[in-house]
Amino acid sequence: MHGIGLSLPSWRLFPPSIDRGAHPRYCLIMKQYALIGIRASLLVALLLAWSCSRGGGGKVEEPTTDSPSMCAVTPEEAVRRGGTIRIALPGGIDRTAIPFPPGEGARLFCRNLYETLTERTCEGKVMPAIARHWSGPDSSGAWTVTIDGDTRFWSGEVVRAVDVAKSWEGTAKRLSTAGVASPWDWFPAGEGGIRAVDDSTLVIDPGIDGIDLPVILSHPAFAVTGPPVKGALPEGTGPWRIAEGAKRGKSLIPCVRNPYSRVDPAGADTLLFDVRRPGSDLRDLPFDQLDLVVMRDGGAVDYAATLPWFTDTALPWNRTVFLLLADSKYLARLEKAFAGYPFRESVARDVAEADARPIEPEEAEKFERIACPAEKNGPAADPPLENGTAYVLYPKGSTGASSIASRVAAIARSPVCSLVGVTAAGASAGRLRRSPEGTALAAVLPVDAPLRDGCSARASLSRRVPWIVEERPESGRSPAVLPLVESRAHLFARKGLAGISVDYRGTILLAKAGWRAEAALP
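At position 260 of the sequence shown the residue is numbered 320 (my numbering), and the sequence of numbers has no breaks.
Hints should not be assumed to be uniformly reliable.
What the hints assert, rightly or not - Listed next, the in silico SDA-like pairs over lysine to any residue satisfying Cα-Cα at most 25 Å (straight line):
#1 456 / 307
#2 426 / 540
#3 185 / 322
#4 456 / 338
#5 290 / 335
#6 290 / 269
#7 310 / 185
#8 185 / 338
#9 307 / 317
#10 456 / 210
#11 307 / 260
#12 310 / 336
#13 307 / 289
#14 310 / 365
Think of the hints as simulated: they come from the structure by calculation, not from any bench.
The task is simple: from the sequences and hints, build the whole structure.
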């Protein structure tokens with residue numbers, strides 16, 4: 061497979077080469093495995109954007125804006141004004157979970173229509189967005205955030221601090237109803253933790269010690285949306301907006317430039333999102349009609365790489381598969397089996413994605429040693445269960461997680477060990493819960509997060525599988541959380557496109573995207 065790589069300063073985190081044959085320890089077997097055409101639909105679980113350092117008092121240094129806010133995937137050279145970019149959205153869009161719906165394509169869509177108060181570059185630096193500046197925490201743990209008075213919704217209405225607070229309260233309810241795990245599982249939306257002091261000032265008390273609030277505010281679930289409109293998506297403040305007259309339920313969603321955006325409107329005039337239903341075979345996409353698509357599926361990636369009109373870019377590693385081991389008589393046996401690199405290397409094949417790499421033992425050990433902020437809010441742990449069948453839990457519908465769960469059951473060698481695919485009722489992202497009968501021996505859980513966000517992953521895991529943080533007095537040991545594999549998606553962009561960038565979570569940004577001057581407009 062050939063193509064261009066990421067032009068990132070932080071190349072050690074995001075390897076520029078996409079030649080999987082250059083990684084003999086795991087890439088060759090991944091390519092062979094992908095060619096058999098196995099499709100994986102890993103159910104997405106949100107991780108919280110936490111800081112791993114314990115915060116202290118004092119004022120936060122305001123970031124400068126003299127450097128690019130994001131990192132370029134294609135050169136930000138001069139582009140011709142005008143034209144249309146057609147983008148595939150595999151998996152559809154769950155409208156009830158806006159602005160953070162499950163699925164990579166859906167989140168690409170929302171990331172370009174809705175903005176957060178802060179944003180993080182691909183290197184992790186926090187930059188201003190809707191928030192002009194911030195300070196905190198004060199002696200009570202509260203932060204003060206000042207809203208940029210020039211920020212406007214698509215309608216032209218100025219965004220006020222009270223609009224942000226109302227937006228977040230609505231988002232928290234929508235995501236909870238949709239069953240999508242998010243920071244709103246623990247953040248005090250609508251409970252006095254967020255107050256609008258005046259039109260431009262918010263006071264936010266996270267209710268949790270030692271967190272870096274500006275980092276959390278960059279999470280897509282904190283994007284600002286306007287009042288819901290019947291039959292239409294809520295308004296946003298991003299550089300793109302839904303075109304007037306666009307009909308609900310259609311497979312093609314046209315988006316045009318937001319005239320009130322702070323972003324220079326150079327580049328294409330229209331983004332045409334081609335929404336594909338969940339479960340459809342990605343190899344059946346109309347590639348000859350597409351200008352941009354992001355995919356993980358091994359068979360689809362290998363097929364698209366053969367198409368001469370695309371450039372292929374491997375995006376940052378941004379999904380981690382964890383093995384959660386409840387304390388039991390099988391714990392030591394499982395820990396030993398999964399601790400070694402060769403075993404993790406073979407497990408990488410089970411993920412069934414185009415690019416997957418085993419977590420190095422040193423990385424796993426570092427993850428185990430990190431000190432994270434204490435969680436004050438959040439649900440109580442599930443009550444102890446009676447001894448009985450030992451279950452291995454995994455997200456229902458995830459082929460890769462199911463395969464790894466089968467390995468766990470085989471290694472445990474328990475005559476009463478069985479596999480259980482678990483999903484919350486009505487939850488497309490799927491929150492794992494304890495089995496109603498027997499003992500949960502282990503859980504295999506993919507989360508959309510790079511391992512370098514260690515505290516984010518821990519917070520996300522403990523929120524959705526609370527029994528992993530329980531102490532078991534009878535044995536004196538805590539359950540284990542083992543990171544096994546990281547994976548990444550590939551961006552296929554038609555030759556001639558420029559101005560595409562990527563953020564810290566590996567999400568594509570199209571604010572400056574367009575066609576190069578020498579390229580013919582579509």
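A quick look at each hint next to the structure:
1. 456 / 307: The hint is violated at about 33 Å.
2. 426 / 540: holds, 14 Å
3. 185 / 322: The given pair, whose Cα atoms are some 20 Å apart, holds under the 25 Å limit.
4. 456 / 338: Holds: residue 456 and residue 338 sit about 14 Å apart, inside 25 Å.
5. 290 / 335: Holds: residue 290 and residue 335 sit about 21 Å apart, inside 25 Å.
6. 290 / 269: violated, 39 Å
7. 310 / 185: violated, 38 Å
8. 185 / 338: Judged against 25 Å, a Cα distance of about 34 Å means the pair is violated.
9. 307 / 317: holds, 18 Å
10. 456 / 210: violated, 45 Å
11. 307 / 260: violated, 34 Å
12. 310 / 336: With Cα atoms ~10 Å apart, residue 310 and residue 336 stay inside 25 Å; holds.
13. 307 / 289: holds, 13 Å
14. 310 / 365: violated, 29 Å
In this structure, the hints that do not hold are numbers 1, 6, 7, 8, 10, 11, 14, in rising order.
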